[in-house]
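Keeping their order, the protein sequence lines are chains F and R.
Here this note's numbering is used: the first residue of the first sequence is 1, the next is one more, and so on.
Here this note's numbering is used: the first residue of the second sequence is 210, the next is one more, and so on.
For the record, the hints were derived by calculation from the structure and aren't laboratory data.
Among the clues, some could well be false.
Derived coverage of chain R by chain F (criterion: at least 3 residues anywhere in the stretch with Cβ under 8 angstroms from a Cβ of chain F; other residues may be distant) [as the list claims (entries may be wrong)]:
hint: 1; stretch: 265–275
hint: 2; stretch: 462–473
hint: 3; stretch: 513–521
In silico DSBU-like pairs for lysine-lysine, Cα to Cα no more than 35 angstroms straight-line [said to hold, decoys possible]:
hint: 4; chain 1: R; residue 1: K275; chain 2: F; residue 2: K125
hint: 5; chain 1: F; residue 1: K142; chain 2: F; residue 2: K125
hint: 6; chain 1: F; residue 1: K66; chain 2: F; residue 2: K142
hint: 7; chain 1: R; residue 1: K277; chain 2: F; residue 2: K125
hint: 8; chain 1: F; residue 1: K66; chain 2: R; residue 2: K275
Computed list of chain R residues with no C-beta within reach of chain F, every gap over 12 angstroms [as the list claims (entries may be wrong)]:
hint: 9; residue: L339
hint: 10; residue: L357
hint: 11; residue: R384
Even glycine gets a Cβ: it sits at the ideal position worked out from N, Cα and C.
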Amino acid sequence: MAGWRKEGAAICTLLLFLTTANGLAQESESSGWSTFAGGALGLYSSGMLAVTGSLVPCTQTLAGAKCVRVAAVAGSALGLVSGLYLGEASEDRVESRLRGAGYGLIIGSGIGLVLQRVVPHYGFKDIASFGATGAAIGASPKGAIIGFAAGTVTGIALWQFIPSFEFADGVGLAIAGMAVGGIISWVVDAADAQGAGGTEIVLPLTVRI
Amino acid sequence: MSTSSRTPLHSRFLPFLAAAAVVSGCNVDHSMEPQPAGPVCPSQGAALGEADSAIAWYGPTEARDKRKLSEWCGTVGPSLIDSLPAPQYGAWTPEDSLAIVTWNVNVGGGDLELFLQEELNLDCDGGRPLRRQGFSHFVLLLQEARRLSGAIPVVRDDRSVPPRIEPDPWPGEHRDVADIARDCGLALFYVPSMRNGVVETDGKREDRGNALLSSLPLSDFIALELPFEGSRKVAVAATVLSQTGDSLRLVNLHLSVSSTFYRTLMSGNSTRLRQAQGMTEALSIIEAQRSPQRVPSIATVAGGDTNTWSDDETALQRLRIDFPDSPPSDGVTTRDPFPTDHVFFRQGAAQSIELIEGSYRTTERDYGSDHLARTVRLVIENRRLGEGDRK
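Pulled out of the complex, with its shape left as it was, chain F reads as follows (with noise of 0.2 angstroms):
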């Protein structure tokens, strides 16, 4: 119980120095809906990635479900402080975001409910689990689709090619890389839109599709 509270504890210091850092560049800022809602979709949907795609690398570490609870506030506050920024300057950017949620939601939800209908035990909550992932990767469609690509091939290459390397790191290799993929695109997005007078800012990681 004493280790949970220290543990709870730094991880509250740490999103106090995140979310103050952001904040006070925010204040003087006009806030409208765009910025709450950014913030609010960055952090639900990079926390939501950040879970999905932990699940299966963290489970191969002593760590286990801490590791996973880890990359959790790290993807939340990362989503939060790169939702704030784009939500700050682009509107349009976020209701673009939202649509894609939206999207998400029901695409995921359906799968969920194909699954609900084959697989054994799974019920309403599966179904809603899956749209919330779905929603999650909609927010960000490009950056998932692309790192999920990257860790695909990647994943199984290295499984051919390296003995020690098994099927399961593959798959998590796979995932892992969808989440990455789709908060690197949040981070991307927010640091394009505020660019100035609507430069776009070509990250090296930026990749058209």
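Dock chain R against chain F, hints included.
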């Protein structure tokens, strides 16, 4: 909409961030406790058999686990105990090694009689067990063992019944684990975990679970209902004694292959970790109750189908810490590309039983199952004997 100047915008998100930390991976409690003894499902529910009264039951403390386990338990038949093997097997002496074999038999798909013949030099043909040259004592830890019985209840609500596993192809006479144990003169401890579908044949229904089959007498019967994930899993444990009075506890383990997607997210993918830790915690409770001065007191082998995707899974890493004398991890895949089957060992305070170095191996054939078996050999430590004196 404008943000209040008194409340910085970022501070509104702090509760959500805190929630993200709390929600992800929070549902990993694996606490275990003794369950009421008696011929009923351990939590509550349907009547079982007399053998169940002789079993010390342990189960999770969480209310959700209890409820689910109780629902599933109500669909299975009674446990089976036949503690004494045929007398011709004799005692486990310091000259003899003991083979511990773990094998998921895929509900009878694995040809157990052929396995006994080829791998353990025991011919059960005709109901008269014949020990062939090279035979040594063994305990088989079987997962997905199938039992066919009219004592398995008719189920009105099949929500707690998993789909039937029917091996394909399924050669042979389709005899269940109780028949094979009887014909081979082996001691048997079988505890069903779940039904094998709702199919009924000649008034008999099927359940499946973990079984111990032994050429040595079994005692001290324990059943550990593991924390509920995708389905009910019951680890079974019993003890064998050597001629010199050394005890060895054997734990047969089968962890869930997956949980629901919701629980996977909420538990941080701790499905198998939660069950593995539930097992080790229950063993710790048992040992503390029985020998509070010397924990862990008894040499213990835990083996089974852990359903792990990788050799580095958290559950396996934890088990290797809890069983420090385990054979070294070898990454051998026993079901397609997955290293699912493992054996763990700890000597306990007595330090009188030890693992034969290099004896941990995997069978070359699957005998019709979807898993390969794993074997390890143990000996009673006796410095007067050289390795060459042992079978």
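Evaluation of the provided hints:
Under the rule that three or more residues need a Cβ within less than 8 angstroms of chain F, the assignment of the stretch 265–275 of chain R is violated, with 0 such residues. Under the rule that three or more residues need a Cβ within less than 8 angstroms of chain F, the assignment of the stretch 462–473 of chain R holds, with 4 such residues. Given a C-beta distance limit of less than 8 angstroms, the hint that chain F covers the stretch 513–521 of chain R holds, as 4 residues qualify and 3 suffice. As the CA atoms of K275 (chain R) and K125 (chain F) are separated by approximately 19 angstroms, the hinted pair is consistent with the 35 angstroms bound.
The straight-line distance between the Cα atoms of K142 (chain F) and K125 (chain F) is roughly 27 angstroms, inside the 35 angstroms bound, and the hint therefore holds. For the given pair, K66 (chain F) sits about 29 angstroms from K142 (chain F) by alpha-carbon distance, which is consistent with the 35 angstroms threshold. For the given pair, K277 (chain R) sits about 16 angstroms from K125 (chain F) by alpha-carbon distance, which is consistent with the 35 angstroms threshold. Proximity of K66 (chain F) to K275 (chain R) is assessed by CA-CA distance (about 25 angstroms); at most 35 angstroms being required, the pair is judged to hold.
Listed as a non-interface residue, L339 (chain R) keeps its Cβ farther than 12 angstroms from every Cβ of chain F; the least gap is roughly 42 angstroms. Distance check on L357 (chain R): its Cβ is at least 22 angstroms (rounded) from any Cβ of chain F, clearing the 12 angstroms threshold; non-interface status holds. For R384 (chain R), the requirement that its beta carbon stay farther than 12 angstroms from each beta carbon of chain F is met, with the minimum near 27 angstroms.
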